[in-house]
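Number of protein chains: 2
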Amino acid sequence: MSQVGTLYIVSAPSGAGKSSLINAFLAEKRDWQAQVSISHTTRAPRAGEVDGQHYHFVSTETFKKLIAENAFFEWAEVFGNYYGTSRIAIEEALTKGIDVLLDIDWQGARQVRKMLPEAKGIFILPPSRKELEARLNTRGQDSKEIITKRMEQAQSEMSHYDEYDYLIINDNFKCATEELSAIVKAQRNKQAKQTLKHQTTIKELLAQ
Amino acid sequence: MSQVGTLYIVSAPSGAGKSSLINAFLAEKRDWQAQVSISHTTRAPRAGEVDGQHYHFVSTETFKKLIAENAFFEWAEVFGNYYGTSRIAIEEALTKGIDVLLDIDWQGARQVRKMLPEAKGIFILPPSRKELEARLNTRGQDSKEIITKRMEQAQSEMSHYDEYDYLIINDNFKCATEELSAIVKAQRNKQAKQTLKHQTTIKELLAQ
Chain A
0 MSQVGTLYIV SAPSGAGKSS LINAFLAEKR DWQAQVSISH TTRAPRAGEV
50 DGQHYHFVST ETFKKLIAEN AFFEWAEVFG NYYGTSRIAI EEALTKGIDV
100 LLDIDWQGAR QVRKMLPEAK GIFILPPSRK ELEARLNTRG QDSKEIITKR
150 MEQAQSEMSH YDEYDYLIIN DNFKCATEEL SAIVKAQRNK QAKQTLKHQT
200 TIKELLAQ
Chain B
0 MSQVGTLYIV SAPSGAGKSS LINAFLAEKR DWQAQVSISH TTRAPRAGEV
50 DGQHYHFVST ETFKKLIAEN AFFEWAEVFG NYYGTSRIAI EEALTKGIDV
100 LLDIDWQGAR QVRKMLPEAK GIFILPPSRK ELEARLNTRG QDSKEIITKR
150 MEQAQSEMSH YDEYDYLIIN DNFKCATEEL SAIVKAQRNK QAKQTLKHQT
200 TIKELLAQ
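Sequence order for the protein chains is A and B. Position one of the first sequence corresponds to residue 0 (numbering that gives the first Met the number 0), numbered consecutively onward. Position one of the second sequence corresponds to residue 0 (numbering that gives the first Met the number 0), numbered consecutively onward.
There's no promise every hint is true.
Since copy identity is lost for identical chains, a pair holds within one copy or between any two.
[What the hints assert, rightly or not] Under the rule of at most 30 Å between Cα atoms (straight-line distance), these lysine-lysine pairs were calculated in the BS3-like manner:
no.	residue 1	residue 2
1	Lys196	Lys184
2	Lys113	Lys28
3	Lys189	Lys95
4	Lys95	Lys143
5	Lys202	Lys192
Simulated from the structure, these hints should not be mistaken for laboratory data.
My request is simple: use the sequences and hints to build the entire structure.
What follows is the structure, given as structure tokens:
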């Protein structure tokens, strides 16, 4: 018996509830493994962030070495810090039959899709502009300028929704979580995946 | 708001539990409509069979008229009786956003796929040869010859499992039903379908 996991690229604008959805999905009971991919970064850990759980915190020297070794699916420099997705760690998990969720933006998604076209893209949208604005006003007292800027960033990300295979509208959180689960579950029933997993059964059923 | 349903071609050998699975799936609560396609036939109703529920029972004359009108997705003559799948009824349901399950064999499946390539195929397999033989021995007292013949028919059908998009192994009935549900549910989150359904929301979110 053998299994191959699926890589899911999950993107969303800030305020769509992506992290909550992913966490709710991971907390569900299932008879197979699913995990998020943990990125590498050179930025300093923030309060409460744990190495190996929120990020793999590495030095710039180590990061550049990993780039040279082609260890990343995609990487980027943002405000002087490096962020990257370890290709090797993801491929190891997939080979073990583990489904991996990759939480990245549309630019990272494009890079990953180029290297792993069988990755499935899932885009999460908020239910309305009003709801998004409310969610972007995180402290309830942000200035109009700050909210406008966040909305522009959100719209820039959202404009790429049609580059993804699946679309979830996060209106009712429970429904949205069920939709994410169904997408991952259905993928495991794809004929090629099932043929690999149940090859002994199929061989026995078809033997003359 | 507009929706388009999906046509699912569901095939399986006798003894795989296809009808029970489809019925369990249809009995589930959901916030959209799903139904099985009801075939036309010229054979006489058997005891308990209801016109319009199990089959549309029609005369040979009517059936031939429907063939001439190109009303069928696929039709076949089996032991002197005609059987056919109404293209018009299915297309009407799909246009209303209703998912339609079509219970046909691999030959019918090929014909439907030619006319509607976006139809999704689901094949159901029993968990083992032993279990299949037990299920094919319907009365518990069938002769070895009869069971052997049924097994040959089942194997002929099963040999086409790889022409389908999804594969369900019906070992645990509850799990198999959940898998069928997830396949149908996930399909509704496909980006193109969601874009059509939520076009107003998306337009509002992206408006400058």
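Verification of the supplied hints:
{"no.": "1", "hint": "Lys196 / Lys184", "verdict": "both (14 Å within a copy, 23 Å between copies)"}
{"no.": "2", "hint": "Lys113 / Lys28", "verdict": "neither (32 Å within a copy, 40 Å between copies)"}
{"no.": "3", "hint": "Lys189 / Lys95", "verdict": "both (17 Å within a copy, 27 Å between copies)"}
{"no.": "4", "hint": "Lys95 / Lys143", "verdict": "neither (48 Å within a copy, 43 Å between copies)"}
{"no.": "5", "hint": "Lys202 / Lys192", "verdict": "within (15 Å within a copy, 37 Å between copies)"}
When each numbered hint is compared with the structure, violations occur for hints 2 and 4.
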